[in-house]
Each structure stands twice: as structure tokens, then as C-alpha cells.
Amino acid sequence: MLSCGLAITFLLPSAFVSLPAARLETLPPRVRLRIVSSGCFHNFVFLCLLLLLSAALSKASFTPIWVLFQDASALGKVVIGVDYDLPLATHLPVGTLITEIDDFSMAATSLDDPWDHYLLSPFSGYLQGWCASESLQNKASAPSCASIGAYSCFISKADEAEQYELDPIDIFTGNLARCNSSTECASSSSCVVPRRDQQLVRISVLRNYGSTSIEDTVVWKGPKEEIWEQVQVGNLRPRFPFVSYKLPRLASAFFEYMKIANLSLYLVNMLPIAALDGHQSLAALLQLFYGRVSEGVESIDLEALNNSARVSREGNVQRACGTFLSSLALFLIALCGLLGIINWAKK
-4 MLSCGLAITF
6 LLPSAFVSLP
16 AARLETLPPR
26 VRLRIVSSGC
36 FHNFVFLCLL
46 LLLSAALSKA
56 SFTPIWVLFQ
66 DASALGKVVI
76 GVDYDLPLAT
86 HLPVGTLITE
96 IDDFSMAATS
106 LDDPWDHYLL
116 SPFSGYLQGW
126 CASESLQNKA
136 SAPSCASIGA
146 YSCFISKADE
156 AEQYELDPID
166 IFTGNLARCN
176 SSTECASSSS
186 CVVPRRDQQL
196 VRISVLRNYG
206 STSIEDTVVW
216 KGPKEEIWEQ
226 VQVGNLRPRF
236 PFVSYKLPRL
246 ASAFFEYMKI
256 ANLSLYLVNM
266 LPIAALDGHQ
276 SLAALLQLFY
286 GRVSEGVESI
296 DLEALNNSAR
306 VSREGNVQRA
316 CGTFLSSLAL
326 FLIALCGLLG
336 IINWAKK
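Going by the working numbering, 338 is the number at position 343 of the sequence shown; the sequence numbering is gapless.
These are calculated hints, taken from the structure and not from any lab test. Every residue, glycine too, gets a C-beta built ideally from N, C-alpha and C. Heads up, a few of these hints could be off.
As the list claims (entries may be wrong) - Under the rule of at most 30 angstroms between Cα atoms (straight-line distance), these lysine-lysine pairs were calculated in the DSS-like manner: (1) K219 <-> K341; (2) K216 <-> K241; (3) K254 <-> K219; (4) K254 <-> K241.
Unchecked claim - Between beta-carbon pairs, the in silico distance windows are: (5) G217 <-> L327: 44 to 52 angstroms; (6) S100 <-> C331: 38 to 46 angstroms; (7) R29 <-> S49: 28 to 36 angstroms; (8) V62 <-> A153: 51 to 59 angstroms; (9) E155 <-> L46: 52 to 60 angstroms.
Between the sequences and the hints, there should be enough to build the whole structure, so can you do that?
Okay, here's the thing in C-alpha cells:
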């Protein structure tokens, strides 16, 4: 051994060992294979440990994450981040619990991720309407509906030809009775819903003020996809004010990065390319395959190998196989890169 040591790069620990190349070449193939593949083996073991640790952190109730956080998925989605230069930032601050969007619950009951399912799906309509009284209808009714200013177009659930220009704030936050048809409303009221092209989204939230929670409604006019793009949500809510809402996502991203890094190092180092561990591993495997060194032999008789035509031919075959496999690996890497560029260009 020439040298060894430890290093820390961007909080990632690593270890290295430098061995004399001349001495390494004289070792039996089995011993050399065990040495050159030890780095890849440790990458694989570390990957398995990370997978087990990730599974334990997500399921075990005694892990530290549940000491710092509580699971709010049964109630809805917790806002953990929002683009501060966009309108939703003032209405959905970090820590807000989103319980419903339109009539779709954000609680993780039947769906693993209702947030993505609803916001990225086609418009499904409201399950129920609102009983709008004559006072609201007369204030902004029109034979030919046109969305102007704060008003939006609503239609009757009984007859879509009946259209009204109404303030969605009055409808969504006015404590109006919900209905399936106008027969469920008073004689002076109509059961109305937003017209499909109005892109009105009703967001029901719970805001924490000390030890109490206050229900509120946020009305968004625009595509649902913009909410998905501007707001980041999670399932965990901190138990203490000094704990960041983004800590679980940062920890998850760190574990994912570590898993991908170790998997990549494991696969890349095993490629049969010069300067990588896979090249020396391939040479040792070829020696074992062609029987260049018999079982139990601890050293190589160089003079005998030089004088043996048969061994020389086997050496040529080994070198040819090694060159072919190395070239094939380089070709496949270049092909994957080219296909990736073509796929990216098509998008």
C-alpha cells in the first residue's frame, strides 16, 4: 500500500487506498479481483443501507422525524413553499393547511397524492352548486353573460342557458347553502355553479393562529396547473416553531441524491473502460476464464509464460476480448448519450 486516507467533499465522506500497480499485477486473479472490486462493493453496500434507512424513516413511528413533525395527510396538504413574487404567496403562506380544492378533498384517504391527481387532471366540475338568492342575482344578472372586473359567469344547474354575472367571493364565502338542483333551494333562489370557461378554483384552508385554527376560503381565477406550479406542499407539519417546513423535503432530496450517487458510482466503476475498476476486473475475470493461473497458485512464473506459445495465444485472446468489450461499452455510452440528445431535441 502506497497511501490511504479519508476525505470530505460537500459533506460526503469518502475513503481512498493507493496500491502499487506492479505488485497488484503479480497477484493471483482471484485476489486481484477481490481488491479492485472492493470499491464497487462498498458502493453497493452503502446503497442498500440508504434504502433500508429511507424505509425506516418513512414507516417507523419511533424515528426522530416523528418527534419533530406530525402527519397531517389525513386532513389535507401543508404548504411548505410558494413563489413569493406571485399572487398566491399572500393568500397561501407557508404552514397553511389546504383541506379542499373545489369539492375535492386533499386528505390522503383513497389516493396517495390527491394534490397531483386533481390539479393535473382535466376539469371535473363541482359536485354541488350554491343557492343564490334574488338579491345576488338582481345585483349582477345579465341576459348575455360577460365576465367583467370582479364578476364571473355562473350558470343554473337546471338550465345552462340561465346565466348570471356574480361575484365569486359572495358565492364561495357567503355561507350559502349547497344544492344539487334548484328544487333544494328556496323559491326565490337558484342553484348555480361557475361556468366551465371561467377557471374559478375554490381553495379551502385552515390557518393556525396560536392554539386555534381558522377556516378560510381562497378564490383563484386561472388554470389549476398554475397552483400546482406555484405552491409546494407536503404531508408533515412541524411540532415546534423552530423546525423548518422544508426539512423533510431537503432530507428526502439528500437521501435520493446519495442513493443515485452510489448507484451511479457502482455502475460506472464496473464499466470495462481503462482507468476504471471495471477494466482491471475484466482482465482478472478473463485470466480466470482461460485458466492462466491454476487454483491455489500464489505467484506467476514469468519465464515460463514467456516461453509458452499456448499461454501467449491465450493472452492474445484475452487482450482481444478486453478490447472488444471496452469498445462495446464506449459505443453503448455514446449511443445512450446520442439518443438522450435526440429525445431532448424532440421535446
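Comparing the hints with the structure gives:
Between the alpha carbons of K219 and K341 the distance comes to roughly 26 angstroms, so the proposed pair stays at or under 30 angstroms and holds. Proximity of K216 to K241 is assessed by CA-CA distance (about 28 angstroms); at most 30 angstroms being required, the pair is judged to hold. At most 30 angstroms may separate the alpha-carbon atoms for a hinted pair to count; K254 and K219 exceed this at roughly 33 angstroms. The suggested pairing of K254 with K241 holds, with an alpha-carbon distance near 20 angstroms, which does not exceed 30 angstroms.
Judged by the Cβ atoms, the range 44 to 52 angstroms given for G217 and L327 holds: they are separated by roughly 46 angstroms. For S100 paired with C331, a C-beta distance near 43 angstroms keeps the hint of 38 to 46 angstroms intact. A C-beta distance of roughly 29 angstroms is found between R29 and S49, which places it inside the suggested range of 28 to 36 angstroms. For V62 paired with A153, a C-beta distance near 54 angstroms keeps the hint of 51 to 59 angstroms intact.
Separated by about 54 angstroms at the C-beta atoms, E155 and L46 satisfy the suggested range of 52 to 60 angstroms.
When each numbered hint is compared with the structure, a violation occurs for hint 3 only.
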